[in-house]
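Chemist: Take the two lone chains, each set in its own frame, and fit them into one complex as the hints suggest.
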Amino acid sequence: MFCLEDKQRRDTMPKRIVYMDYNATTPLHPEVKKALVEGFDIFGNASSMHTLGRQAHEEIEKARKIVADFLGAYPEEIVFTGGGSESNNTVLQMIDCGSATCRCMSKGRLGLVTTQIEHPSVLNVAQYMENKGISVEYLPVDPTGKVDLEAYRRALAKNPALVSIMMANNEIGTIQDIRTLARMAKEQGALFHTDAVQAVGKIPISVHELGIDYLSFSAHKLYGPKGVGILYVRKGAPYCTFIHGGHQEEGRRAGTYNTLGIIGLGKAIDVASQEMEEEVARVRALRDKLKEGIQERIPDIHVNGHPTDVLPGTLNVSFYGVEGESILLYLDMEGIEVSTGSACASGSLEPSHVLLATGVGPELAHGSIRFSLGRENTMEDVNYVLEKLPPIIQRLRSMSSAYSVSSMGRSA
Amino acid sequence: MDWLYSEIVKDHFMNPRNILEDEGSFQADGVGTVGNIKCGDQMLVAIKVKDGVITDCKWKTYGCASAIASTSMLSEVVKGMKLEEAYHITPEEINRRLGGLPEHKIHCSVLGDKALRAAIDDYYRKTGQEDKIQKEKAVIVCQCMNVTDKDIEKAVKEGARTYLDLQNKTKIGTVCGQCKEQTIKLLEEYVHLYG
Numbered sequence: 020m021f022c023l024e025d026k027q028r029r030d031t032m033p034k035r036i037v038y039m040d041y042n043a044t045t046p047l048h049p050e051v052k053k054a055l056v057e058g059f060d061i062f063g064n065a066s067s068m069h070t071l072g073r074q075a076h077e078e079i080e081k082a083r084k085i086v087a088d089f090l091g092a093y094p095e096e097i098v099f100t101g102g103g104s105e106s107n108n109t110v111l112q113m114i115d116c117g118s119a120t121c122r123c124m125s126k127g128r129l130g131l132v133t134t135q136i137e138h139p140s141v142l143n144v145a146q147y148m149e150n151k152g153i154s155v156e157y158l159p160v161d162p163t164g165k166v167d168l169e170a171y172r173r174a175l176a177k178n179p180a181l182v183s184i185m186m187a188n189n190e191i192g193t194i195q196d197i198r199t200l201a202r203m204a205k206e207q208g209a210l211f212h213t214d215a216v217q218a219v220g221k222i223p224i225s226v227h228e229l230g231i232d233y234l235s236f237s238a239h240k241l242y243g244p245k246g247v248g249i250l251y252v253r254k255g256a257p258y259c260t261f262i263h264g265g266h267q268e269e270g271r272r273a274g275t276y277n278t279l280g281i282i283g284l285g286k287a288i289d290v291a292s293q294e295m296e297e298e299v300a301r302v303r304a305l306r307d308k309l310k311e312g313i314q315e316r317i318p319d320i321h322v323n324g325h326p327t328d329v330l331p332g333t334l335n336v337s338f339y340g341v342e343g344e345s346i347l348l349y350l351d352m353e354g355i356e357v358s359t360g361s362a363c364a365s366g367s368l369e370p371s372h373v374l375l376a377t378g379v380g381p382e383l384a385h386g387s388i389r390f391s392l393g394r395e396n397t398m399e400d401v402n403y404v405l406e407k408l409p410p411i412i413q414r415l416r417s418m419s420s421a422y423s424v425s426s427m428g429r430s431a
Numbered sequence: 003m004d005w006l007y008s009e010i011v012k013d014h015f016m017n018p019r020n021i022l023e024d025e026g027s028f029q030a031d032g033v034g035t036v037g038n039i040k041c042g043d044q045m046l047v048a049i050k051v052k053d054g055v056i057t058d059c060k061w062k063t064y065g066c067a068s069a070i071a072s073t074s075m076l077s078e079v080v081k082g083m084k085l086e087e088a089y090h091i092t093p094e095e096i097n098r099r100l101g102g103l104p105e106h107k108i109h110c111s112v113l114g115d116k117a118l119r120a121a122i123d124d125y126y127r128k129t130g131q132e133d134k135i136q137k138e139k140a141v142i143v144c145q146c147m148n149v150t151d152k153d154i155e156k157a158v159k160e161g162a163r164t165y166l167d168l169q170n171k172t173k174i175g176t177v178c179g180q181c182k183e184q185t186i187k188l189l190e191e192y193v194h195l196y197g
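Protein chains in written order, with my numbering: chain E, 20 to 431; chain B, 3 to 197.
None of these hints come from the bench; they were simulated from the model. Note that the Cβ used here is the ideal one computed from N, Cα and C, for glycine as well. Among the clues, some could well be false.
Distance ranges between label pairs, derived from CB positions [unchecked claim]:
#1 B:99 with E:147: 27 to 37 Å
#2 B:178 with E:170: 16 to 26 Å
#3 B:193 with E:328: 50 to 60 Å
Next comes chain B alone, as it looks inside the complex (with noise of 0.2 Å):
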C-alpha cells in the first residue's frame, strides 16, 4: 500500500535530521522563527557561519509530516552553502527535493526558506552586516495562509484587482482573516503601481 507521501518525505518525516536537541549548547550564529501555532506551523532555524558559509544548521517545527520534512530537507541541503546562495534557496526547491508534496500541502514547505532568511538576517545584524539584509524582501502578510507582500504583488502583476481576486490566487485572509486590513492597504498600493 502506497504511504501518503512520498518514500523521501517519509524518511525525513520518521527520521529527521539535525533537529536541534540543546539550544543552550548550540551557540547558533543566527535564529529565526516563523509561522504561528495558530494556523498549524512554525519553524526555528538555527545556523552557525563560518567564512561566509553555512557550517551547520538545526531546526525545530511544530507542524504535519510535511512540515517536519520540509525543515529536516532543508538543513541537509544548506549545510555547506553560501549565505547569498542559501538567502534565495526556494520552496520549489525542498519541494523537488522530497519528491514532490502534494498540492494542499505544498504550503507546509513554504515556512522553511523563510525561517532560513530569518536566521540568515539575524546572523547579519549579528556582525554588523546590515547592509546585507535585502529590505525588498518578503514578508508575511497572512500568516495563516503563508502569503507575503511579494505574493500579492505577484498576484496584482498577474490581474488582480479586487480582495477576492486576490483570495482567490492567493488565499489570503481565508483563515482568521486577521490580516484584511492590511491586506487591502497592499492592494491599493500595487494596483495604483501596477493597474
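Chain E with its partners taken away, still in its complex shape (with noise of 0.2 Å):
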C-alpha cells in the first residue's frame, strides 16, 4: 500500500517545484494575501456617501497615495483600471477618439509611434488603430532590443500625436532609456507613454523626472492580484474615457470601484517600496549565477537581450540545435517552469515577435528559453535548475536532426 500511494504521488507530482516564470505573472507577496484576507468585509461601494462606501473610498485613496508616492505622482494622476492591457489600450485608443466634447489628443495629428518589440496589448491595438486609418510607425531594434534612435528620430519628424514605447520588454527583459525618448518626443511635441508592467518594482522610477504623458502597470507582476491595475495620467495631459459610465475615477474610468484588487495593488506597491532595493540584488545575483552556470556547462547558446541593461531577473538563452517546446516541456517534468519564445508553444507557427525584432533569426527563436526570476527563488534553485538543464539539452541535441546537420557546423 505504502509503495502504491508513494508512486502515486510521484507520478502525479513533481518532487519539487522551481518556478521561473516571474514575468508572465507572480504569487501573491504574503503580505498581500493578508490584506486582501482583511479586505474581504470591506464591501461597501466605495461611491456610496454612508459609512461603509466611506470605508471602502478611504482604503482606495490609501491606496492611491501609495502608488503615487512609489511614482513620484500626484494622486489625482493615477487612474485604477482592469490592468496593464486596459491601460494600454485606453491611451493608444485616444489617437482617433471621435467624441466632440472630450479633451482628446488627436487634435491634428493622428500618427503612432511604437516598437516591433511591444506586448500585445499594445502591438494588437496599434494593428487595430492602423485598421481604422491612423498611421503607425513600429520602430525596429538593435540586436540587444534598444529602440533604434535614428529610426526614431524620422518617425517622430512626421509630427505623430502618441509615442508608446515600453519600459523594459517582458521576453528579455531588455529597459529602454524613457528618459530621452519621452525629451525627444515633447521636443516634437508628441505624447509619451510607456507600458511599465515588467519595470515597476524592478527599476526605480520617476514619473515626473522622466516627463512621460501615461505609463501603464498590473498589480498582477508586483505579487499583487490579478484584474486591477494603473494608469498614471500627467496632470494636464489630454484624456479620453475608455470605459463609459458612472462618474467612478473623476469620470475617467467607469465601473464599481474593485475595492479587494486596489486594496490589493496598494499592498504590493507598498511592500515593494520597501523590499525593492534589497530585493532586486538578490535576484540580479540570483540571475547572475545562473546565466554564469549556463555559459559554463552548456556549449553553443545565446544569451538575448542586453547585455547590463536588462531587469534584475530576466534571462532569455537560445539553444542551438533544440526547439524551445521540447525543452520547456522537459523542464516541467523536472518541476521547472519556464516559458519560451517557440512557434510551437504559441499554437501560432510563429516565433517570438521580440527575438526575431533583435535579428537573431528564426532557428535560435524557436530554440529560446525565458528564466525569470523573483522573490522566492533561492540559490538552491538555480543550482537544481543549472543540475536539471545541461542533460536535458544534451537529451535533445542527440535526438536532433538540427544539431548535428545545422549549417553551423557543429556536431553532436
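Modeler: Below, the structure written as C-alpha cells:
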C-alpha cells in the first residue's frame, strides 16, 4: 500500500517546483494575501455616501496615495483600471477618439509611433488603430533590443500624436532609456506613453523626472492580485474615457470600484517600496549565477537581450539545435517552470516577434527559453536548474536532426 | 492534472524509441530528411531494408513534443512493414496511433511520413529501382506550413480559386511567404485543369 501511494504521488507531482516564470505572473506576496483577507469584508460601494461606502473609499484613496508616492506622481494622476491591457488600450485608443467634447489628443495629429517588440496589448491595439486609418510606425530595435534612435528621429519628424514605448521588455528584459525617448517626443510635440508593466518594482521610476505623459502598470506582475492595474495620466495631459458609464475615477474610468483588487495593488506597491532595493540585488545575483552556470555548462548557446540594461530577474537564452517547447516540457517534468519564444508553444507557428526583431533568426527564436526569477527563488533553485538543464539539452540535441546537420557546422 | 497531450504522446516524447544515436555505425540503406529548422521542425529518417521489408528504422528530429512523438511512433509502426505499404502511410494513421494531437499540432505529425518516403526513395535510387519512385508524389511547396503540391491540387478541386482561398484552406505561405510565387504558378496550373 505504501509503495503504491508513494508511486502515485511521484507520478502526479514533480518532487520539487521551481517557478521561474515571474514575468508571466507572480504569486501573491504574503503581506498582500493578508491585506486581501482582511479586505474581504470591506464590501461597501466606494461611491456611496454612508459609512461603509466611505470606508471603502478611504482604502482606495490610501492605495492611490501609496502608488503615487512610489511613482513620484500626484494621487490625482493615478487612475485604477482592470490591468495593463486596459491601461494600454485606454491610451492608444485616444488617438482617434471621435467625441467632439473631450480633450483628446488627436487635434491635427493622427500618427502613432511604437516599437516592434511591444507586448500584444500594445501591438495589437496599434494594428487595430492602423485598420481604422491611423498611420503607425513600428520602430526597429538593435540586437540587444534597444530602440533604433535614428529610426525614432525620422518617425518623430512626421509629427505623430503619440509615442508608446515599453520601459522594459517582457521576453528579453531589455530596459529602454525612457528619459531620452520621452524628451525627444516632447521636443516634437508628441505625447509619450510607456508600458511599464514589467518595470515597476524592478527599476526605480519617477514619472515626473522621466517626463512622460502616461504609464501603464498591472498588479499581478508585482505580487499583487490579477485583474487590477493603474494608468498614470500626467496632470494636464489629454484624456478620453475608454470605459464610459458611472462617474468613478473622476469620470475617467467607469465601473464600480474594485476595492479588494485596489487594496491588494496598494499593498503590493507598499511592500515593494520597502523591499525593492534589497530584493532586486538578491534576484540579480541569482540571475547572474544562473547565466554564468549555463554558459559554463552548455555549449552553443546565445544569450538574448542587453548585457547590462536588463531586468534583474530576466534571462533569455537560445539553445542551438533544440526546439523550445521540448525544452520547456522536459523542464516541466522536473518541476522547473519557464517559458519559450518557440512557435510551437504559441500555437501560431510564428516564433517570438521580439526575438525576430532583435535579428537572431527563426532558428534561435524557436530554441529560446526565458527564465524569469522572483522573490521565492533561492540559490538552491538556481543550482537545481543548473543540475537538470544540461542533460536535457544534451538529450534533445542527441535526438535532433538540426544539431548535427545544422549549417552552424556543429556536431553532436 | 491532465498533461498537454495524450499519454501516448507523453510516453513517446519522454521515452522516444529508435533514436539514431550513431549515424556512422547504423549503415542505413536509405536516408531522408525533410523540414526546415527555420519553420520549427525538421526530421531525418534512416531505414534498413531486406527483401522489400523495412527491418529497422531510426530517426532524428528537431521539433516540439508532437514532432518527436510522431517520429518515434512512426519508427515503431514501420518496422517489419513492406516498402509499398510504408510508402503510403499517412499522418492521420500516426495521429490516430498517438491517441490524437490537438488541432494546432497536427502539422507537426505530417513531416514523419514525408521523411520516410524520402528515405524509401533514397533506397530505391541506391538499388537501381528508380522506377518504383512514385513521380506523382507530393512535393513540399511551403516549408513552414508543410503544404505540398498535392494539397494545393486538393484545395483547388474543392473550390479554391485565389491565393487567399488557398491560404484560408491550407495556411500556405502564411509564415515566411517565400513560396508565394511558386504557389501562384501551381494554383494557375490546377485552376486551368480543374477550374
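Chemist: Quick check: does the Cβ-Cβ distance between residue 193 of chain B and residue 328 of chain E fall within 50 to 60 Å?
Modeler: This hint holds: roughly 54 Å between Cβ atoms.
Chemist: Within 27 to 37 Å or not, the Cβ separation of residue 99 of chain B and residue 147 of chain E?
Modeler: At roughly 43 Å between Cβ atoms, residue 147 of chain E and residue 99 of chain B fall outside 27 to 37 Å, so the hint is violated.
Chemist: Hint says 16 to 26 Å; check whether the CB-CB distance for residue 178 of chain B and residue 170 of chain E agrees.
Modeler: Holds: the Cβ-Cβ distance is about 23 Å, inside 16 to 26 Å.
Checked against the numbered hints above, the structure breaks only hint 1 and satisfies the rest.
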